[in-house]
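**Q** Sequence:
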Amino acid sequence: MIVGTDLEKTLAEFAEAFARLTAAYDGSGAHAADLQEQIDRYSELILEPASEPLWEAHEQRSPEEAERLADVLRHRSALAVAQMEKHRALRLLEGEESPAAYFRNIESCIEEEFGHFAVTPESKVLMVGSGSFPMTPLLIARRTGAEVLGVDIDAEAVELGRQVARKLGPELPIRIEHGQAHEQRGLEEVTHLIFSSTIPVKYDLLERLHPLTSPRATAAMRYGDGFKSLFNYPMRQAADSRWLLAGRALRPDRIFDIALYTKDSGMPGGGR
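Numbering-wise (the working numbering), the sequence shown opens with residue 551 and increments by one.
These are computed hints drawn from the structure, not numbers from a lab. Just to be clear, a hint being listed does not mean it is correct.
As the list claims (entries may be wrong) - If you anchor each label on the Cβ, the simulated ranges turn out as follows: (1) P603 to P720: 45 to 51 Å; (2) P603 to E739: 43 to 49 Å; (3) Q730 to H625: 15 to 21 Å; (4) P720 to D775: 36 to 42 Å; (5) P603 to D790: 31 to 37 Å; (6) E566 to E594: 17 to 23 Å; (7) E706 to E739: 24 to 30 Å; (8) G729 to D775: 28 to 34 Å; (9) H625 to R758: 18 to 24 Å; (10) H728 to E646: 23 to 29 Å; (11) P613 to K717: 43 to 49 Å; (12) E739 to A788: 21 to 27 Å; (13) P603 to E563: 16 to 22 Å; (14) R693 to R570: 38 to 44 Å.
For clarity, every value in this text was computed on a predicted model and none was experimentally measured. Glycine included, C-beta positions come from ideal geometry on N, C-alpha and C.
Whenever a hint applies, use it, and build me the whole structure from the sequences.
**A** This is the structure:
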């Protein structure tokens, strides 16, 4: 059993290790293995049920220090995951890795993310933070026939994502673009939005996209509260948001949870 002081020490060690490994990362197999091992160990800690009450106790004792540590770990773990995603994309493109495991890993998430807001062949889906290995856009397009637009501000990730999409689904209606989500063309046709859990400004983007997307648009926001917020940005919807919280999928065995939003056709702040 981890005691409180051990958890704090362990988290500090993860923060240091992520900084060291990402700074030293050169794309080699050895460095990738070390980084992947660190990510896997961190994921196990995040999902360990005993961690949550210990973290809550730390927040109560030292709220400012807890918030600082959470910010550091969110940033550093996201960078580590992004580096590993690029490594996996390159391995796939070089013919060294099968994509099957990635499809299996996220396939069960699609229904959960939209609940009863089913994606159909007529849907237009926007994935904000599509990354280097765009498995969510690929899987949605393959299973539903819907058009999917993936957007990312990382130019290298966009180029790799395009190559991965061409390799795994050249026939699929997928477009991956570099830039800000709210600056893309065709947003007025978007019926479904998905936000990566590691985007700091995802709720700001959600609000900016409200008037630009279809009146019937629904949004799936990946997030993590409590101890999961050390690997994801938490729910922080504005009090005057024009989006209505329609439901949440809390998944103790997954790194992130999902909040579902629909558009509020009435006054701002109509419901949570």
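**Q** Are the hints correct? Go through all of them and say.
**A** Hint check:
no.: 1; hint: P603 to P720: 45 to 51 Å; result: holds, 49 Å
no.: 2; hint: P603 to E739: 43 to 49 Å; result: holds, 46 Å
no.: 3; hint: Q730 to H625: 15 to 21 Å; result: holds, 20 Å
no.: 4; hint: P720 to D775: 36 to 42 Å; result: holds, 39 Å
no.: 5; hint: P603 to D790: 31 to 37 Å; result: holds, 33 Å
no.: 6; hint: E566 to E594: 17 to 23 Å; result: holds, 18 Å
no.: 7; hint: E706 to E739: 24 to 30 Å; result: holds, 28 Å
no.: 8; hint: G729 to D775: 28 to 34 Å; result: holds, 29 Å
no.: 9; hint: H625 to R758: 18 to 24 Å; result: holds, 22 Å
no.: 10; hint: H728 to E646: 23 to 29 Å; result: holds, 26 Å
no.: 11; hint: P613 to K717: 43 to 49 Å; result: holds, 47 Å
no.: 12; hint: E739 to A788: 21 to 27 Å; result: holds, 25 Å
no.: 13; hint: P603 to E563: 16 to 22 Å; result: holds, 20 Å
no.: 14; hint: R693 to R570: 38 to 44 Å; result: holds, 40 Å
Hint compliance for this structure: no hint is broken.
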